[in-house]
Structures are given as structure tokens and as C-alpha cells.
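2 protein chains.
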Amino acid sequence: MSRRTDADTPRQPSQIAILRYLRIHGPAARIDIGTATGLSPATVTSLTADLMAQGLVQESQGSNGTNGATNGNHGATRGRPKVLLDLVPNAACVIGVKITINLIEIALGNFKGEIETSSEHSINTRDLDEAELIATLIKLIDGFIADHKGFSSRPPVGISIAVQGVCDSNSGEIIWSPALRHRNIALTKALGERFGGIVQMSNDANCIATAISQNTNLHRDGDFAVIMLGYGIGMGLVLNGSVYNGDFGTAAEFGHTKYQPDGPLCNCGRRGCLEAYIGDYAILRDARGLIDLPDANSLHPSEEQMMDLVERARKGDEDLADLFRHAGKVLGYGIANLIALLGPKQIFITGSGARAYDMMEPELQRGLSQAQVPELRRGPQITHLAWDKDLALQGAIGQSLLRHDENMFQAAPVAN
Amino acid sequence: MSRRTDADTPRQPSQIAILRYLRIHGPAARIDIGTATGLSPATVTSLTADLMAQGLVQESQGSNGTNGATNGNHGATRGRPKVLLDLVPNAACVIGVKITINLIEIALGNFKGEIETSSEHSINTRDLDEAELIATLIKLIDGFIADHKGFSSRPPVGISIAVQGVCDSNSGEIIWSPALRHRNIALTKALGERFGGIVQMSNDANCIATAISQNTNLHRDGDFAVIMLGYGIGMGLVLNGSVYNGDFGTAAEFGHTKYQPDGPLCNCGRRGCLEAYIGDYAILRDARGLIDLPDANSLHPSEEQMMDLVERARKGDEDLADLFRHAGKVLGYGIANLIALLGPKQIFITGSGARAYDMMEPELQRGLSQAQVPELRRGPQITHLAWDKDLALQGAIGQSLLRHDENMFQAAPVAN
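These protein sequence lines map, in sequence, to chains Z and L.
Using the numbering used here, read the first sequence as starting at 1 and increasing by one per residue.
Using the numbering used here, read the second sequence as starting at 1001 and increasing by one per residue.
These aren't lab readings, by the way, just hints derived from the structure by calculation.
Check each hint, because a few of them may be wrong.
20 Å max Cα-Cα, derived EDC-like pairs, lysine to aspartate or glutamate [said to hold, decoys possible]:
#  : chain 1 : residue 1 : chain 2 : residue 2
1  : Z       : LYS389    : Z       : GLU406
2  : L       : LYS1389   : L       : GLU1303
3  : L       : LYS1149   : L       : GLU1193
4  : Z       : LYS345    : Z       : ASP322
5  : Z       : LYS139    : Z       : GLU193
6  : L       : LYS1345   : Z       : GLU361
7  : Z       : LYS345    : L       : GLU1173
8  : L       : LYS1345   : Z       : GLU173
9  : L       : LYS1149   : L       : GLU1114
10 : L       : LYS1082   : L       : ASP1032
11 : Z       : LYS345    : L       : GLU1303
12 : L       : LYS1189   : L       : GLU1132
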């Protein structure tokens, strides 16, 4: 067989692999890029020369830490400086937007995936109808662009929206969100009419999964799931290096897998979903059955309302503590199902609802060991990740950059 | 940016894509190969010339049906003959082995993935210890090779073993199988000492998923799950075109996801698994509580025992019929969890246990609609697939050929 060079094979061209590696790992020597991507030294040299000529990559003589590396320290050996390659921060910029109950956040991300600046807008999201939501978003994004002079010379190459709730990432539709009263909102289409094809959207848990997959301090290899505790229970699944959205764009709705048929009513309208035991609204609902609580919005509990419950439980209200313990047990059963079905290497638990994780965790482990087939108990590592509310925005920005990379290099088939 | 040819990019070289396409679709014109693989006409011409020179592919002037196409009829237009390309059947051969309770089957597959011949061996598998199992398999495989003269000129390039039960496909270990009394058997390693690195093994449901993924009559596109009803409840998951084994090699143990905490005891030692309601042994156990049944092996019910129950139920024993109906409901709940989590495009239900599918199906649909979030009810298509006991062998052969293709073309990085 003759060896051949074949230009039109790659589904993921080498350029994308290099950009992705640098974005995740920070500045790296050519040899390390080669090792990581499986590209030959000559190819790395040639491709990175191209990327430098395009202004996407630059050399940075570098000991790490002074050159903006977000993660890792590959290829930099102290006292023996190597030429490191790094992404050019201002080679492109993207916008991340996050929609949660009564709060819309917007961030500017640079080509390295770093958040350069962000703004928060308290807006009664649940009072907006579909047209008002779209108009509000357009106004906020337009204002954000106007506020940042840099955009005049380099308009954003991507706008990615992280939405709390059930979303179809494929069609760009918000199916149902606790932040909104209305359902089935074709968000990407509507925003696309103003901003073009650079708009995409995704469930917030999927954005967080993207952010974790691009952070080597958190995740090194293997498939993982991130479980987001909060108003509801979300999940992002990373399989074979990519967030798994499923054929219908709605994966992974872990919160609506069942703990018990005919269990308590879930906000989705069904009974016995994990969320109906673990979600903030479920815990508050049950707490109201145990103790007198001041009148307040029960369906959309605030952080203050939830922290009040947590503190009462910590101070010795055993009935309230049992609610958190039981939520832990239910979560353990849910995780056992996930392990049986997929067996990921790592499971992260995060979200504002993890405020009571210390109370949940022992029962979570007990539930897991009650439910899990002993022979399948080979992993995974379960990690509590302190809640970082920027993680979803970070992931939205990461998703925009992934798509931008693809748009730059995935495009035209090459005739030969 | 200069366009470049880049030899060391591909993770899946184009040759593999071509072989795979021909194996799945049968004889095809070059232009259709190009459309399907995304390769340019010139590259298809050049690569297929190579494959022909290597004796892997041949031209077959062809109207379909006379040239051994297993599926599909792409590129053949009646009355206007095109030159079609096809795999050379005897370019390589592989062996598939299937281990189920008291039966070992062996099949010879050709390079097109067709079963050329097979043999069945009634063996009391549960009486074998680990060494006896290995010795028996070696003897049977050696005998099978000796019986088929063709092997003298072309020894098998792959041996793939489909095992009923929980398996680690990564390590090649049988963790637990109803066919065996012993656990944690390092099967691939032991057989590898006799036959070399060409041995692999997999759960039977994963083999069936492979077979379905290679059969365009059954499956066209999108992710799918195949649920195998029988002694236990197995699942094979195909995500992004490949069987998903998971990081620990044990996916997808759908049968050990839970219907109800503290439900009936499952053979795995835990309670409330789907299998503890739907598996043959579970239905027989419950049937014994309802009616007098002759003494017989309850833990490993025979087809006759199970058919007896089905017939009694069909003839009007409503209590027995309720067992099957309830199994259907439990299956519906399990499928709702799968849909929430992954949302595959298609779900196949097959296996010997599908003998009572007609009694299960209405309750399955009811359970599904009770459990499924209305907004996620976008699919999938649920298809009952008549049980074909050759499907696992077919898939084992398919897995061997996939690996053989990779061994031929995935190997050496190309210097440039």
C-alpha cells in the first residue's frame, strides 16, 4: 500500500486540535502539542506557522504564570526556558449570556476563553413574554457591545446563551425554564435574526460541563457527568470529549429520571422524579409541612429562603436535616442508575443547591451502596465542586469558541 | 492560509471509512462512497485502487441481489448498470463465539461480515470452573478451525466472544454471567495466550447493538439503544456510531437501573432493579407464588418453562397475564429514564424474553406516558425486533472486523 496524504479525511482538522489544546492547557511547547495531538513535529511546526501567520497563535517565551495561562503548566521547565506557543487573546472575542430566574448575565470572552468583563442585570424574567424576552436580550447584548469599545474593531464571532431549564440545543429552543413563564421559545432563531448565525444556546448544566471539560485542574481524562443541584436538578454529560446533547438536543435530564413511581409531584408534571426530592422547591415544599415559614414565593425559593432552612437544620432541627439527608439518599440512587447505565469515570456535584452537600453526602454514599450492583462498583470518583456561578458563563464562552474554531477550519472540502 | 495535506491527522483513516461503508451498505458505486464518506472523487478512486490492489475490494458489475449484498441497494439503478465496488468475501475471516447458559456457539464470518458456517455445542456451562471453561473454549475453537479447511490458507484475523452477563469489554473480563458459576474470569487474557492479540469479548447486548448498527434495514441514523429481554435485561447503546462501553467497560447495564427502591430482590444482590421485575427468573419466581408449577430449575428457567407461562396467560390466566403486563409497565418506566437521560432516536426491544411482548406493550406505553416528562416526549421510535439468536454472533463478527480494519490502517504514524 502506498502511503498517502489525504486532505479531505479529517472530521476534526489538526488546526482545531491545536487551538483546543492551547485553550485548555495554556502555553505549550511545540513538542508537547505534538505529543498531545498525535501530530508529527514537522506538521506541528508547519500548522502553527500558519496559525501564527493568521494571528491566532503567538510565541511567548515563558515561564508559566506571567502569560495568562488559565490551566496547567505543560512544557515550561523552570530554569530552562523553552519557546512556548499560546493563543492570541484578542484574536477573537465571543459573548456568553446566562439566563436564570430574575437575573441575566453577559460576559465578554477572549480567544483564550477567559472572561474579560461581565455585567449583571436584575430583570423579572418571569414577567416577560416571548417577544419581551427577545427584545430584552437584544437590548442587553446591543448595550454590552456598545459599552465595550473593542467590539468596534472586532465584532463578536459567537454569542452563546446558557439557559436554566430544559432546552433543545439542536434547534435552539427553550422548552421549559423556571426563569420563564412561557414555553417553547425559539430563542436561537429569534436572536439569529438580529445577530446572525453566530448565536447558539444550551442548557446551563451542559455549559458547565463544557467549562469543566476545558479545565485541567478539574478534569483530566475520561467521561464525566456534572450534576447541578439548585432550583431543579440538571446534568451535563461529557462522552468521548464532547458534551452529549442527544438526538433530540435535550440530554441529559437526570433530574427527571425517577426515584420512585408515584412519588411526590415534580414541577414537570410527573411523579417521583429525583428533582421532586432534591430540588430547592421540593425541599422548601416539604419544609413547609414541618415548620411554620414566612409567606414567600414557594415555587421559586430564593437563596435566603434556602439558607434559612440549611441553618435551621444545622442548628439541630432534625426533621429539616432529614429532608437534606433524604435528598442525599435519593441522589445516591440516581447516581447508581447513572453508573449502571454509563459508568462515567468522574461525577461532579455542584450548583447552588450543593449548599447543604455536607448534610447530604453520608446518605448519598449509603444510597449509592444500597443501589449499586457490587460488581459495577469500580468507580466513579464523586467530587463536590464548590459552586462557582461563573462556570456556566465560562462554558457558554467555551462553546462559542469551539464552534468558531470549527467555522474557521472545518469548512470547505478540498479538491485534490 | 495555505491549504495543506496532512497525513497524520486522521483518527479514523479514510480506508476504514470505505471498508465500513461497503460492509454496511453492500456493493456501491464510487460516487456513493464519496457522498457517504465525504471523500472527494479523486480520493475515492485512489484509495479504492489501493484497496483493490490489496485484495480487499473488487469491482462487481452489478444489479443488486446477485452479488451478496447484505443490505441496501445504493448506487445500483435498474437497467443502467454501474460499476459497483464490493468487499472481497474471502479477504479475511473471523470467528465469533457466543456463550449463553448451557450453549456455546461458534461461527465463521467472512470479510463482508456474513456468517459462512456455524456450530452449536450443548455444554453444561454452569458446571465449568474457570480453567475448564477456558480449556473447553480452546478445544471448541481449535476444533472449529480444524474442521474448516479454508483456515489453513487464511487463519482467522479476529476472535470475538459474546457473553451473556456483565462484562468488562475493556479488560476482557467476565464479571458475572448467568451461564457461569464463577465470577471475574479474565477470558480475553487466557484465550489470548493461545490465539494471540486477536481475541476480544463483549456483553451479548453490545454485540447485538453492533449487529444492528451495521444493518441498514434496521437502523439508518442517530443514536439507539437495544434492550434485550431474557434471563436478565441487557442493553447495548450506540452513541455517535459506536457501541458505548464506558470508561469501566461495563456499560450499559440498564437491567440494574432501579424501578423502585426496596423492590424485589434482584439476582445482582440489590433490590428493585428492572431485571427483578422483567427478567425470566423474576417472572417465574412470581408465577410460582400464583400457581402450582412442576419442580424445575427456577433460577435459570428454560424456554419451555417460560413458554408454558406465556401460554397459560394467553389462555386466560389473568394473574399470570398481570405479571407480563406489570413487567411491561416497569420497562416503560425504565425507558422513560433512558429517554430523559440520553434521548436516543430509536429503541429496539428484542431477546428471547420478548416472547410476551404483545402482552407487555400496552402497559409499557402506559408506563412510559406516566413517567415521561411531556416536553421530552419527542421520540424515540420504539421497535419490537423479532428475536434472532444469530444477532449476537453477527455482532461479534462485526466487532472483530471493525478491529481488524483498524489494525490494518490505524497503525503507524506517518513521518512527513
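Status of each hint after checking the structure:
1. LYS389/Z - GLU406/Z: Measuring from Cα to Cα gives roughly 27 Å; hence the hint is violated.
2. LYS1389/L - GLU1303/L: holds (13 Å)
3. LYS1149/L - GLU1193/L: Measuring from Cα to Cα gives roughly 23 Å; hence the hint is violated.
4. LYS345/Z - ASP322/Z: The hint is violated at about 30 Å.
5. LYS139/Z - GLU193/Z: holds (14 Å)
6. LYS1345/L - GLU361/Z: Judged against 20 Å, a Cα distance of about 35 Å means the pair is violated.
7. LYS345/Z - GLU1173/L: holds (18 Å)
8. LYS1345/L - GLU173/Z: Given that 20 Å is the threshold and the Cα spacing comes to 18 Å, the pair holds.
9. LYS1149/L - GLU1114/L: holds (18 Å)
10. LYS1082/L - ASP1032/L: holds (11 Å)
11. LYS345/Z - GLU1303/L: violated (38 Å)
12. LYS1189/L - GLU1132/L: holds (15 Å)
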